[in-house]
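Colleague: Using the sequences and the hints given, assemble the complete structure.
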Amino acid sequence: MTVFGDYIQGDALESIARGEQGDAAYHSLELLVGLARAFHAPHLIPVSSVQISGVSFWNLGLEGLEYLETLAIDGRVRVPATLNPAAFNPKAPPAGVSHSDVENQARVVAAYGAMGVDTTLTCAPYLWGNLPRFHSHIAWSESSAVVFANSVIGAMTNREGGPAALAAALTGYAPYYGLHLMENRAPHIVVHVHTALSGALEFGLLGAAIGQRTREIPFIILAGGQSEPLTEDLQALGAALITFGGAPMFHMESITPESLHFPVPTRTLEVTAGDLAAVHESLSSPGEKPQLVLLGCPHYGPSKMAALSRLPLDIEGLSIGTAASCNTLSCGGLRGGCAAVAPLPSGVNRIATNSVKAAFYLKNRGVSIELLSEAQCLALGNRSEEP
Amino acid sequence: MIVQGTVIFHGNARGMPLFLTAPLSFYGGVDPHTGHIIQHGHPQHGQCIAGRILVLDASTGSTVGTWTILRMRKNRVAPAGIITHHCDPVLAAGSIIAKIPHIDGIPSSALGTSMTSIAGAEVISGASETAAPFHERENRTQDSGGIILKLGGSLITEKESLTPKIHERRLHNLAAALSQTTVPMVIVHGAGSFGHGPVQRMGLLNRTPGPDTSRGWSEVMSLQYALNNEVAHALRVAGLAPWPLQSELIAGPWASPLWGRQMLMETLTHGLVPLLYGSPELAPDGTFDILSGDTIVAACARLLGWKTIIHLTDVRGVYASPVDFTGDPIPFIYADEPPPNLTPGSSKPDVTGGMSGKLSPLLALALCGVTSHIVSGEEPDVIHRILSGEQVGTTITVTRHWRGKS
Numbered sequence: 001m002t003v004f005g006d007y008i009q010g011d012a013l014e015s016i017a018r019g020e021q022g023d024a025a026y027h028s029l030e031l032l033v034g035l036a037r038a039f040h041a042p043h044l045i046p047v048s049s050v051q052i053s054g055v056s057f058w059n060l061g062l063e064g065l066e067y068l069e070t071l072a073i074d075g076r077v078r079v080p081a082t083l084n085p086a087a088f089n090p091k092a093p094p095a096g097v098s099h100s101d102v103e104n105q106a107r108v109v110a111a112y113g114a115m116g117v118d119t120t121l122t123c124a125p126y127l128w129g130n131l132p133r134f135h136s137h138i139a140w141s142e143s144s145a146v147v148f149a150n151s152v153i154g155a156m157t158n159r160e161g162g163p164a165a166l167a168a169a170l171t172g173y174a175p176y177y178g179l180h181l182m183e184n185r186a187p188h189i190v191v192h193v194h195t196a197l198s199g200a201l202e203f204g205l206l207g208a209a210i211g212q213r214t215r216e217i218p219f220i221i222l223a224g225g226q227s228e229p230l231t232e233d234l235q236a237l238g239a240a241l242i243t244f245g246g247a248p249m250f251h252m253e254s255i256t257p258e259s260l261h262f263p264v265p266t267r268t269l270e271v272t273a274g275d276l277a278a279v280h281e282s283l284s285s286p287g288e289k290p291q292l293v294l295l296g297c298p299h300y301g302p303s304k305m306a307a308l309s310r311l312p313l314d315i316e317g318l319s320i321g322t323a324a325s326c327n328t329l330s331c332g333g334l335r336g337g338c339a340a341v342a343p344l345p346s347g348v349n350r351i352a353t354n355s356v357k358a359a360f361y362l363k364n365r366g367v368s369i370e371l372l373s374e375a376q377c378l379a380l381g382n383r384s385e386e387p
Numbered sequence: 001m002i003v004q005g006t007v008i009f010h011g012n013a014r015g016m017p018l019f020l021t022a023p024l025s026f027y028g029g030v031d032p033h034t035g036h037i038i039q040h041g042h043p044q045h046g047q048c049i050a051g052r053i054l055v056l057d058a059s060t061g062s063t064v065g066t067w068t069i070l071r072m073r074k075n076r077v078a079p080a081g082i083i084t085h086h087c088d089p090v091l092a093a094g095s096i097i098a099k100i101p102h103i104d105g106i107p108s109s110a111l112g113t114s115m116t117s118i119a120g121a122e123v124i125s126g127a128s129e130t131a132a133p134f135h136e137r138e139n140r141t142q143d144s145g146g147i148i149l150k151l152g153g154s155l156i157t158e159k160e161s162l163t164p165k166i167h168e169r170r171l172h173n174l175a176a177a178l179s180q181t182t183v184p185m186v187i188v189h190g191a192g193s194f195g196h197g198p199v200q201r202m203g204l205l206n207r208t209p210g211p212d213t214s215r216g217w218s219e220v221m222s223l224q225y226a227l228n229n230e231v232a233h234a235l236r237v238a239g240l241a242p243w244p245l246q247s248e249l250i251a252g253p254w255a256s257p258l259w260g261r262q263m264l265m266e267t268l269t270h271g272l273v274p275l276l277y278g279s280p281e282l283a284p285d286g287t288f289d290i291l292s293g294d295t296i297v298a299a300c301a302r303l304l305g306w307k308t309i310i311h312l313t314d315v316r317g318v319y320a321s322p323v324d325f326t327g328d329p330i331p332f333i334y335a336d337e338p339p340p341n342l343t344p345g346s347s348k349p350d351v352t353g354g355m356s357g358k359l360s361p362l363l364a365l366a367l368c369g370v371t372s373h374i375v376s377g378e379e380p381d382v383i384h385r386i387l388s389g390e391q392v393g394t395t396i397t398v399t400r401h402w403r404g405k406s
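So the protein sequences, as listed, match chains A and B. Just so you know, we're using my numbering here: the first sequence kicks off at 1 and counts up by one. Just so you know, we're using my numbering here: the second sequence kicks off at 1 and counts up by one.
These aren't lab readings, by the way, just hints derived from the structure by calculation. Please note: incorrect hints may appear among the correct ones.
[To be verified] Sample of chain A residues lacking proximity to chain B, with all beta carbon distances greater than 12 Å (derived):
no. : residue
1   : E20
2   : P46
3   : P93
4   : K363
[Claimed, not checked] DEER-style ranges, computed between Cβ atoms:
no. : chain 1 : residue 1 : chain 2 : residue 2 : range
5   : A       : A379      : B       : T6        : 53 to 63 Å
6   : A       : A277      : B       : H85       : 36 to 46 Å
7   : A       : H43       : B       : H233      : 45 to 55 Å
[Said to hold, decoys possible] Chain A stretches covered by chain B per the calculated footprint, using a threshold of three residues with CB under 8 Å from any CB of chain B:
no. : stretch
8   : 58-67
9   : 260-266
This one's a predicted model, so the numbers in the text were calculated from it and none came from an experiment. Using N, Cα and C, we set each Cβ at its ideal position, and we do this for glycine too.
Modeller: Right, here's the structure in full:
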């Protein structure tokens with residue numbers, strides 16, 4: 001018991017610490033207490049929702065798979081937990097992936113499933129049934145989901161690593177530090193946006209422009225005169241913000257729930273149309289017609305998928321990221337896969353997307369990118385416009 | 001030099017430090033199969049971190065890095081220990097799931113470039129591994145527990161024999177004396193002519209690894225089992241219930257402090273006497289080394305929090321130079337005073353340091369409240385006399401203000 005010190009409070013934790021809840025829970029507690037010590041958390045806090053990254057077999061390796069399968073012997077989730085996408089969905093593997101990689105990827109998903117993790121395989125769990133409440137403590141790991149949960153929902157989570165999030169699921173607790181504390185959620189810099197934004201592409205460009213310039217939590221004021229952003233706009237903003245090095249949380253005046261909780265910071269950052277254009281230019285290059293159109297990074301939700309399914313889309317050459325559980329559209333192999341890291345069909349070296357986050361990752365992989373609005377992307381994939 | 005930090009993962013580790021002068025992203029920055037740094041443009045690009053004490057001020061990068069660290073450990077190319085100034089959650093989770101001793105809150109500028117040890121919350125830079133204090137502080141407040149007995153290899157074997165040979169008389173007399181001891185004990189024995197002679201004869205410590213040296217080390221390893229079997233038999237004949245344990249589980253780079261302690265406690269709970277012995281070890285970096293009985297003794301003291309070590313040797317204590325074994329040994333050596341001019345040890349062949357090699361770890365342990373007694377194993381009733389407060393042989397303790405000082 002002494003190895004856990006004062007972190008063991010209450011019957012549930014005591015039982016785990018005594019080993020009564022099995023090896024997986026005990027090991028998970030070791031991990032959480034270690035992290036709590038490392039970050040000077042005074043105690044562990046119960047969490048009500050977990051979202052786990054660390055699904056791609058290519059990142060886990062056989063060693064990570066063995067770790068998961070060992071935990072799966074007696075590990076069972078104590079709170080609802082959902083799974084991030086892998087590079088690909090083993091139930092719908094893209095061409096060119098080896099049989100053994102598909103099999104090992106299936107084993108990874110199966111091990112999580114055995115522990116009771118919902119294998120929805122999505123980076124937008126809040127659209128697929130894992131929706132935390134305002135100010136509930138949660139343990140999520142997918143970076144774009146962490147920003148969305150903290151900012152748009154007002155739930156409280158640090159950006160947990162995959163194993164730590166899994167440990168939170170297997171114990172029901174997380175270390176109490178960072179964004180679990182109100183005082184760490186205050187904005188430190190005002191961002192004035194001097195241009196009207198429309199659509200996920202432009203909100204993504206804004207996220208990148210802020211993330212490039214500050215790691216502090218921004219208080220965003222949309223000063224360009226415009227309509228209220230949609231859910232997918234806020235998804236795109238958060239995803240790009242953290243991808244470009246920004247904070248795991250933002251506030252937006254009269255939009256996000258905690259925007260009234262804190263005094264407005266005095267320091268300011270001005271963002272103009274020119275700043276957004278500069279980000280666009282750094283990622284997007286003109287050229288030939290893209291061979292592939294990629295939408296849904298971060299993943300779309302069910303209503304968006306239903307809307308897309310009614311369009312006359314040419315599925316060839318169109319990839320739409322969405323949860324594995326989505327059946328409304330057979331979307332070119334990306335169901336439950338990750339648009340940013342998915343294996344690309346052979347010969348594809350130019351991609352159109354409306355996602356600034358996906359553009360960042362794909363460009364790093366050597367792919368030429370054309371950043372277009374969603375409407376422009378869909379036009380490229382519209383069957384009726386094909387010659 | 002001892003520096004205190006925050007424990008991320010508890011344990012003991014020892015190795016040469018590798019200083020990283022730029023943040024490292026473990027995901028993509030380290031090859032999980034070889035342990036080499038492959039991060040483009042990193043100042044330590046191309047260096048291998050396997051078996052090293054990794055010293056870095058900050059880490060960076062994707063949360064996938066946690067898995068990379070686990071993969072390195074399972075591929076046996078992980079660092080032996082990690083010391084950070086400001087560690088991130090990715091690295092912290094990695095060292096915990098990979099069970100790599102890790103201390104945070106220590107700037108790299110506070111450390112030297114020589115052999116470095118991690119012991120619980122402390123880093124010992126430029127000192128021997130056995131300088132480590134207890135990793136569990138709470139033990140200090142408990143009573144002194146039992147005794148850790150080291151049976152010197154030169155006592156229980158014919159150390160000068162060219163072939164491995166037991167000193168039957170001494171071993172059986174000693175076993176009989178030990179069976180009269182009423183406090184809990186852990187017994188550690190050295191190798192004597194079962195180890196030092198063969199290792200030196202085959203020149204194993206100076207040869208590059210290869211098929212010949214592997215066979216040589218294999219032979220030395222088997223000899224330790226043979227000697228241990230003889231010692232266990234003698235103790236059993238005397239009425240004790242010795243329980244031989246693999247020393248690598250208690251000390252050295254593979255040891256798990258948590259399990260090691262639990263295993264020792266469990267053995268003692270059942271009235272068994274944990275019996276350990278120095279032996280060859282295969283280090284994580286692929287080299288052979290010797291896990292000496294003295295190292296194991298220190299590890300046992302740390303793990304159990306016991307305060308008394310008794311070294312039973314073939315001499316009556318530690319002698320000042322020049323050596324005159326007919327005179328009296330130095331009665332006290334204090335860890336808080338400059339060391340006396342010592343003899344290099346019993347003049348017999350020894351590959352792990354002899355008397356002077358024993359002394360520096362014992363001085364370091366003394367700073368943590370452990371008193372060591374170096375006495376002759378042939379002196380009658382010596383354990384009982386020490387336990388009842390008598391000064392025998394050489395006593396190594398923290399300060400002159402020890403209760404037994406005249």
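Colleague: Please go over all the hints and tell whether each is borne out by the structure.
Modeller: To see whether the hints hold, each was checked on the structure:
no. : hint                        : result
1   : E20                         : holds (17 Å)
2   : P46                         : holds (19 Å)
3   : P93                         : holds (21 Å)
4   : K363                        : holds (16 Å)
5   : A/A379 to B/T6: 53 to 63 Å  : holds (56 Å)
6   : A/A277 to B/H85: 36 to 46 Å : holds (40 Å)
7   : A/H43 to B/H233: 45 to 55 Å : holds (52 Å)
8   : 58-67                       : holds (count 7)
9   : 260-266                     : violated (count 0)
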